[in-house]
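Got chain R; can you put chain G on it based on the hints?
2 protein chains.
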Amino acid sequence: MQFHHYGYVSKDPKRKPAAGIGLNRPAELPDTMDVLIVGTGPAGMITAAQLSMFPDVHTRIIERRDDRLVLGQADGIQARSNETFQAFQFANEIIEEAYQLTEMAFWNQDPAKPENIVRGARPVDDEHGISEFPHMIVNQARVLDYFARYMEWSPSRMTPDYGWEFLSLEVSEDPADAEYPVIVELKRVMEGEEEYTRTVRAKHVVGSDGARSRVRESIGRKLDGKQANHAWGVMDVLADTDFPDIRTKCAIHSKEGSILHIPREGGYLSRMYVDLGEVPEHDNHKVRSTPLEKVIEKANAILTPYYLDVKDVAWHSIYEVGHRLVDGFDNLPDDASDDAVPSVFLTGDACHTHSAKAGQGMNVSMQDGFNIGWKLGQVLSGRAPASLLRTYHSERHPAAAALIAFDKEWSTLMATPVDQLDDPTAVEKYYVEAEEFAAGFLTEYSENLITGTTEHQDLATGYPVGRRFKSYTAMRRADAVPTHIGHEHIADGRYRIYAFADQPAASEPSKLRDWAEWMNNDSESPLNRYTPTGGDRNAVFDIKVIYQQDYHSFELFDAPDVFFPRVGPFELQNLENVYASLSGDDFFEARGISRDGAIVIVRPDQYVAAVLPLEDTGTLKAFFEQNLLEP
Amino acid sequence: MQFHHYGYVSKDPKRKPAAGIGLNRPAELPDTMDVLIVGTGPAGMITAAQLSMFPDVHTRIIERRDDRLVLGQADGIQARSNETFQAFQFANEIIEEAYQLTEMAFWNQDPAKPENIVRGARPVDDEHGISEFPHMIVNQARVLDYFARYMEWSPSRMTPDYGWEFLSLEVSEDPADAEYPVIVELKRVMEGEEEYTRTVRAKHVVGSDGARSRVRESIGRKLDGKQANHAWGVMDVLADTDFPDIRTKCAIHSKEGSILHIPREGGYLSRMYVDLGEVPEHDNHKVRSTPLEKVIEKANAILTPYYLDVKDVAWHSIYEVGHRLVDGFDNLPDDASDDAVPSVFLTGDACHTHSAKAGQGMNVSMQDGFNIGWKLGQVLSGRAPASLLRTYHSERHPAAAALIAFDKEWSTLMATPVDQLDDPTAVEKYYVEAEEFAAGFLTEYSENLITGTTEHQDLATGYPVGRRFKSYTAMRRADAVPTHIGHEHIADGRYRIYAFADQPAASEPSKLRDWAEWMNNDSESPLNRYTPTGGDRNAVFDIKVIYQQDYHSFELFDAPDVFFPRVGPFELQNLENVYASLSGDDFFEARGISRDGAIVIVRPDQYVAAVLPLEDTGTLKAFFEQNLLEP
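Protein chains in written order, with our numbering: chain R, 1 to 631; chain G, 1001 to 1631.
FRET-style restraints, in silico, Cβ to Cβ: (1) R:Q503 <-> G:K1113: 29 to 35 Å; (2) G:E1436 <-> R:M1: 25 to 31 Å; (3) G:E1436 <-> R:H552: 23 to 29 Å; (4) R:A622 <-> G:E1436: 56 to 62 Å; (5) G:G1007 <-> R:A622: 58 to 64 Å; (6) G:G1007 <-> R:T199: 41 to 47 Å; (7) G:K1113 <-> R:M1: 34 to 40 Å; (8) G:H1484 <-> R:D327: 46 to 52 Å.
Rather than coming from a laboratory, the hints here were simulated on the basis of the structure.
Bear in mind the structure is a predicted one, so any value in this text is a computation, not a measurement.
Glycine is no exception: its CB is placed at the ideal position from the N, C-alpha and C atoms.
Extracted from the complex, chain R is given alone in its bound form:
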């Protein structure tokens, strides 16, 4: 964490100095704004948190409720989400309060006594070390709290606008509305205040307003999906029990039905998804009136021979969800011209609905928001061309389709009685095989203006272009602290450029040195073209070097000047961009980096944008010409 360079920071250093809109942000929702986000769920809040780091963009996020979410809703957090939380500076805090999921137990009918359940397999959750972060369970409300903190402590000093219900929007094509083309009708619904409607205008609207999204309706998008709805009774319970795996995630299939059992944070609470079966086509939501007592009774029947004496129910609900995917993630018609720019976007449950069984929903929704957030920020602050916004749909729609395909398979398997499976261990097997997908790491973006080709993939085999950058530990030269370099990548909207050095010593001539010289001094280098004059030298690009040699074999200032950008009012050198592979834990080997060095460019949302040879400055230059604008 870097601070004090804009002056002494006495309080929590995660609170950044105010700037731009944050210097005098209107407390009340204004009539016009750059971005209006509808809904404070995970997708909306991460979008807002990311945009809050662009203080020259005025973003507002509205919520129908009076105040923050208190309880209920999603709770499963993939490792990929924890990596994302690290970018929003709260991973370690939320991990400390969460339930950590290290293994899962499968309970099936006891062949000897079919009315009883008996434990089957107990696979390890992340057997292959997919991430250094855990898989965990925590109340969605806490995730939202932490995003709210990041927003509030950002330069924009952003807070949600509660008590506003979204009614409808219209995208005006009237040239008079060119600056703020999206016209939005809202209703004031704050407890204790009179209701009234109001019109506001925005450059862009992000609909993060859930499965029954009115933003989606307003732009004429539809959820498609054939599969029938499935219902679950969901409850957060405090219970007395003799079930030995009460603190282990379990998939339980008994004669009486099935339960997905999820221990919750704090050591006592459990969430149970009790399967209520397929909903008949013309049920007309009758299933939603299933009484809580019946759900508890069914849970007890399923858990036989164990008892579950429910002492308190913190929250419960009947979920009824099908597998549905929106036909488009923005408001551009299929026949839009090549230079058309979408003005409305959909994220999260507004785009994709599916079962809760794989614990995917909140996670995928947050990746939607992380994706659109930085793109809107860069475009609206004039740093990137508007065409960047077209990549939102083209990247996230396939990701959502993959999720739904996965969830269909998984929930079908979960719902099939064991005796009807060809292989009685099929569920466990699928779970283990799907581990990497389920943890959120199989998203792979295709080539576009922010994702390069795989031509030079062999230079960094551990960094597949289009996949998320998988962190590794290196020794920070300045202070000899072994550092997960990916953890330094906070959600500030900047590109990261990792220069992996070739073999010569840091003080000797090398390809790395030539590259650094070019980057720092050539007037055509991205650093010189896109960095605003007068600002911090690392305002747009965060450039780090990783040497192959032990850190004691060279001196800090042997590294080229480009790695010591001057920042802040005192023009101090940032000294924390020089790293060395750890002795005995070689970064280059672990991530398949060529000994001839390589450049790895990482997007603001942590996805690998490009892998290039040190000497190929032409392609590097061309890459950023596609996606950045000169200030």
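Then chain G, alone, in the frame of chain R:
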């Protein structure tokens, strides 16, 4: 972290439910209180934070300043302090914002060119893995902030009372004052308010009011010490420099003098202690008027051939400190009767002053406060006999004496020009040898009513009686999370009892099972004698078991009932007290635990109180008869 068992916790779970005084705590300083702490430095704040966990004790902490400390003062944090911070639930947060100290560099005169400095040894900071926590540097103000949060989120909802200056106190022997014998004169000094004096009364006063303590003066205690004062110019600077170790802690000895250089948190700030030499006996504080420019000039001369271009000075001061130790840590005269109870205590700089060079001050002061805090809490809540308060002086006075002896040697060595040392590497050598002391781990309390004998030390050689409990990782059976068991020991005033099992399987008869049976069911067991009826079963003792076998070889409920205490309004079982040695990382081997099992009792301040055989319930019973009272 355990929560939800008193009802659903929606916000930060570190915020505990209010109780006792916290339900209706007077916002204004009252006329009478149980404990009055004077001064919000590290010693005072930890005392208050610890006492805040005793909501039936009304504690107040006063401070002359208007508000929290903003900057300056101490910054060195030993690993032992981080262990302590873990008990106050902020270790990981403060580590994330701190500078981590992994190695130190020694710079001396270049033999070839004596006007220049050249790097000598560069020893690793914690070569022997003394603690899993780092040695670090962070602004004292942040340490205080975190203690303030713990207090405010405790059941007592405690906050400091700012704007009160301590004038004097008197301990009344008038029987009419028996309830609140300490009569304290205060002055209101809040900016913008009129000054006035006021009398308040307390059962106990803790003087944490620094080197010029008026509490100390009021009880007639004196600092003794012969050595002359030594002066340093201290400054927190933002600077441009070519000194390659600017981000490494350095002891620099040049022809021109010496500097202790300490990089600070945030990547840019440095603290430099520039040696201004011994202060002549009749200097009359003239040294304190040394101008900042002169200190910077001297720093530059010492750093030759490197430059230090100071851009901003966040804080600076001239320190003038000698080695002094108070003659007593409380107000009891030497000839006090055996049953006399001290009513006034001194902590931190009020008791011991020394150089800042070893980074010890804040750390030792916090251990003073941690020590007196739980003792006052237990005595005033009726849980322990008043004689417990006598152990404060007897434990902390020797610890302070050891600190001063260490610091004398260290600062003498640091102040000696290299060419006058018999061995030019003497400074580095001493530094490495003294590592364990400097990290705060050599404090060893002698036998007394809370520290048992070493008779059975061989049963747990890694847990020397009287030393701090050194944590280790075990597998928590309930949820399969590898857990540092010491990190679960929060500063809640409870004793910990770790039952290391003997060899039989958890479900089989064993000495462990007999012990558990006795503890749970024998009316004479400490659990049954000292636990208040109707309250949580783990209110006084937190009892955990560690099995030798792999966790999958037994079931959770194979462990005896005593490890599943019922808590909260729903009388839920706490399921997180059953542990297993990790396969391939054996707790028993790492900490020298006998395969026949052992009981290790740990005090509320994390020091090992006793090591006993499982079968010696008599000694266990007798131990607590000395230091606990039946409710």
